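Chains as they are written, first to last, in the working numbering: chain A, 1 to 264; chain B, 1 to 264; chain C, 1 to 264; chain D, 1 to 264.
Rather than coming from a laboratory, the hints here were simulated on the basis of the structure.
Hints may contain errors.
Stated by the list, open to error - Heads up, simulated DSS-like pairs for lysine-lysine below, C-alpha to C-alpha not over 30 Å straight-line:
1) Lys-160(C) - Lys-160(A)
2) Lys-160(A) - Lys-184(A)
3) Lys-184(B) - Lys-141(D)
4) Lys-184(C) - Lys-160(C)
5) Lys-184(C) - Lys-184(A)
What the hints assert, rightly or not - Covered stretches of chain D (in silico footprint by chain B; criterion: 3 or more residues with CB under 8 Å from a CB of chain B, positions within the stretch not fixed):
6) 200-206
7) 214-220
Small disclaimer: the values here were computed from a predicted structure and weren't measured.
We put the CB at the ideal spot given by N, CA and C, even for glycine.
4 protein chains.
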Amino acid sequence: MRIGLIGFGRAGRAVAALLMQQDDVSLEWVVRRTSHGGHGSASSMLGVESSSPARMISADCVTAAALLDRHPVDAIIDFSSQSGIDYYGEAAADRGVAIVCAVSAFDECALARIERWSLTTRVLWSPNITIGINFMLLAAKTLQAIAPWADIEIMEEHFKAKPEVSGTAIRLATGLDQDPRDIKTVRAGGIIGTHEVLFGFPYQTVRLRHESLAREAFGDGALFAAQHIVNLPCGLYRMEDILLPYFSSDAVTPREPAGASGAI
Amino acid sequence: MRIGLIGFGRAGRAVAALLMQQDDVSLEWVVRRTSHGGHGSASSMLGVESSSPARMISADCVTAAALLDRHPVDAIIDFSSQSGIDYYGEAAADRGVAIVCAVSAFDECALARIERWSLTTRVLWSPNITIGINFMLLAAKTLQAIAPWADIEIMEEHFKAKPEVSGTAIRLATGLDQDPRDIKTVRAGGIIGTHEVLFGFPYQTVRLRHESLAREAFGDGALFAAQHIVNLPCGLYRMEDILLPYFSSDAVTPREPAGASGAI
Amino acid sequence: MRIGLIGFGRAGRAVAALLMQQDDVSLEWVVRRTSHGGHGSASSMLGVESSSPARMISADCVTAAALLDRHPVDAIIDFSSQSGIDYYGEAAADRGVAIVCAVSAFDECALARIERWSLTTRVLWSPNITIGINFMLLAAKTLQAIAPWADIEIMEEHFKAKPEVSGTAIRLATGLDQDPRDIKTVRAGGIIGTHEVLFGFPYQTVRLRHESLAREAFGDGALFAAQHIVNLPCGLYRMEDILLPYFSSDAVTPREPAGASGAI
Amino acid sequence: MRIGLIGFGRAGRAVAALLMQQDDVSLEWVVRRTSHGGHGSASSMLGVESSSPARMISADCVTAAALLDRHPVDAIIDFSSQSGIDYYGEAAADRGVAIVCAVSAFDECALARIERWSLTTRVLWSPNITIGINFMLLAAKTLQAIAPWADIEIMEEHFKAKPEVSGTAIRLATGLDQDPRDIKTVRAGGIIGTHEVLFGFPYQTVRLRHESLAREAFGDGALFAAQHIVNLPCGLYRMEDILLPYFSSDAVTPREPAGASGAI
């Protein structure tokens, strides 16, 4: 699979490093806004050995259309900022190149453009693109459906300097019909990011807990998303949609005998 | 819903108390092996106010067939011992009365009889009949399918005197293709029961953790199971089967625009 | 050691059961307000075998002075209500009988009386009398002194119906100079009581976490307190004071060689 | 305070970065075995702004004696390997320069030399030099002394590839008279390092839990140690010894009245 990366900040570098270590992935290029400090390939810049070309490209030197024609890719992974998508969006949509975007927010106009592009290609947009968090949301929704009487509490822990409530926690809350103002927000030390959904029953608790060990946590989610959406119809997706098919329902049919200790 | 309870030990009493507090449930009777200490109704014996008859019945005073004919029920909940099912199994199967059994183990002969009975009624057998643990098993299986490369560890904590490894932990292990000998077994103080399935990724962890707050944790699972299986075809079920339909899969279709903060 | 217990509600019964199972303790009597339902000894009422007399006494049948003269004790353990101490306080102070009181609050007048009584006997008063919580407070104060730059967060989890913020959490907060309004309060299911003090450093976290497994958690703390204060001078104590000597300071002297893997 | 650093591997770089950001510390130099790749100052090599000289020194270019005479320091912090101390040990001991060493192990001969050096300077050696872990060991010992009847379990979690049981966990175990073979060892994903000491009581649990958020966790412990031992008499110390004075014992004297909500 050929991938192009947009953005080379902290998250972008982490994702680039991860992609370059995958055998079945070729990181064709990395686009930054301008060419400052360092040239050539992301491989040498990050000190990561790789067979990927990983060409460092400046957005002010070549258009996305020209880049995609010269070095085509199957998917673009975007870890830049809100303006990044305007560089490649049109050209990607025209060529049916899949888009995996992890930018944190878009204004209404950008969203309108994204919708239009989703008519001719697949676009996945998730500010939090980790497999773990998106799994947790779906698993929590499932347990809520099983036991709607259970009490739910959402807790999130982050480094001291993070000013606002975790956007991920807010989405967990709204996804579970909880008031985001009830989110328990812990700010201490250098905690990278921890989220917990607690289900309280009369005589038991179930906790779903996600801990980020490093900011690189987004990398495998982005790759996972790219690998999945290239096979989907055109449209606009969230990470949730990619995971949902794994929560597969079998018709409830009788099982064969479980054996002496077969049942759980 | 009319329910008959088998067993009045610690777990049975807890379940009886819980059933008697449900508005939509009538606990018709509770069967004990012999009539020792206390008569009349479970309501007065446990000091729980209830509109349920909750007649205390001795197994040596009346056959299950006679009991079921005189005071029919929709489901029997069994928290007794391995021999309990021989009291009511045949009679329940003959009358199509659903059976929810939480006994910890059955030998081969008993299993053969249970299979036979499952031809004419619904039988659910789960030594661990809590909603939480069974949810965890299914959620863990789902995450394993999403990310088969993730490392899995299973931990269980129980009171100091519990000699053997948790049977629940063993089933979690085998359900996830893990070696039960790798289960981390903690024995300390009066811990009632805690189980955790840890998924380790390169840059994140996901923990599914279940804590029993009291031995009464089984009560709502037993009731949940009874309420669900009365609507199922005849056959032999595990708690897992009852929960699986909640892990519903939607076809992955494009979503409408998510809005400025719509994606997670 | 001879002990007299005041109060036979939920906590009192739990403490009585615990005391009666101690070899080196004789529970002489249990005082309730009036004699309702059940007589004789706490042993038979609770179904706990014991060599303790555990006489059930009604406060409206005998004065504390008469009771203490007839069946003297070394310490009184009080798990009743705010008015309980007025029954025995004067008589205990006159006779130098130690008092261990776990009542949650006292008004100013009661406190004045308690101070007066502490002139002639030892009085320990701690609404939360568990060894664990009091240890946690002292350990947290110690870590705060070692690393005053670390961020501190306090979290508490309780059953859904508990309306107010945990008094124990408030004391942890004030003991650590934290604003009680920053306490993270979780209300879910039937959680009995969990408290956590989190220390956040730039690259590590330290968590001190206490979980009550049952409301009987107070029992061993009350006994521990009683055993310790009988040896102390007259005065008014908190559970903290009883534990503080265990946080012992050695002069920092050079150590002998640690061996190949001796250092931690 | 003037500090010299030995070692510029992963841990050394992290410590150097931390030291260079302290206002009251001047990182005079960093010694590596040979001069490979990069010269000048650690500040420019790591991209950290600092007023510290942080001269990069090659051990094969200058002796420790000459270095200490030309650029004297108050303390040497050593994050190199077992052979590092032979570079500077003698020269530091001769000049009374304090040594803080975080190397993981020393053989018998090296230990004999270290003992000799400790006669003329202060040497602190702790393979795990984090404040958090060393605090935990002392706090755990304290709780064990308060409640010797409590059950203790030790758990440690690390990245999948770590082959051996955590040395830190082994020291926690031996420090608490626990069998190191009972340590619960979890290996999963990229977990940097988590240690937990669990105390199990009949009705409560106390957990002391330490989590490393990054390998830089050692930095503030090393600095803390350096700042403390420069004031101590000559001798051989462990991190434990530096923390112990904070676990201060007051004579147990009566407290003034606690007020209506004064007690905990």
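Compare the distance between the alpha carbons of Lys-160(C) and Lys-160(A) with 30 Å, and conclude whether the hinted pair is satisfied.
-> holds, 29 Å
Coverage of the segment 214-220 of chain D by chain B (three or more Cβ within 8 Å) | Our answer is that it is violated, as 0 residues pass the Cβ test (under 8 Å) against chain B, missing three.
Starting from Lys-160(A), check that the Cα of Lys-184(A) is at most 30 Å away, please.
-> holds, 14 Å
Checking C-beta pairs, does the segment 200-206 of chain D have three or more residues closer than 8 Å to chain B?
-> holds (count 6)
Pair hint outcome, Lys-184(B) versus Lys-141(D) [Cα-Cα no greater than 30 Å] | Distance of about 24 Å is within 30 Å: holds.
Hint consistency between Lys-184(C) and Lys-160(C) [alpha-carbon to alpha-carbon, up to 30 Å] = holds, 14 Å
Taking only the CA atoms, is the gap from Lys-184(C) to Lys-184(A) under or equal to 30 Å?
-> Holds, at roughly 6 Å.
Comparing the model with each earlier hint shows a violation of hint 7 alone; every other hint is respected.
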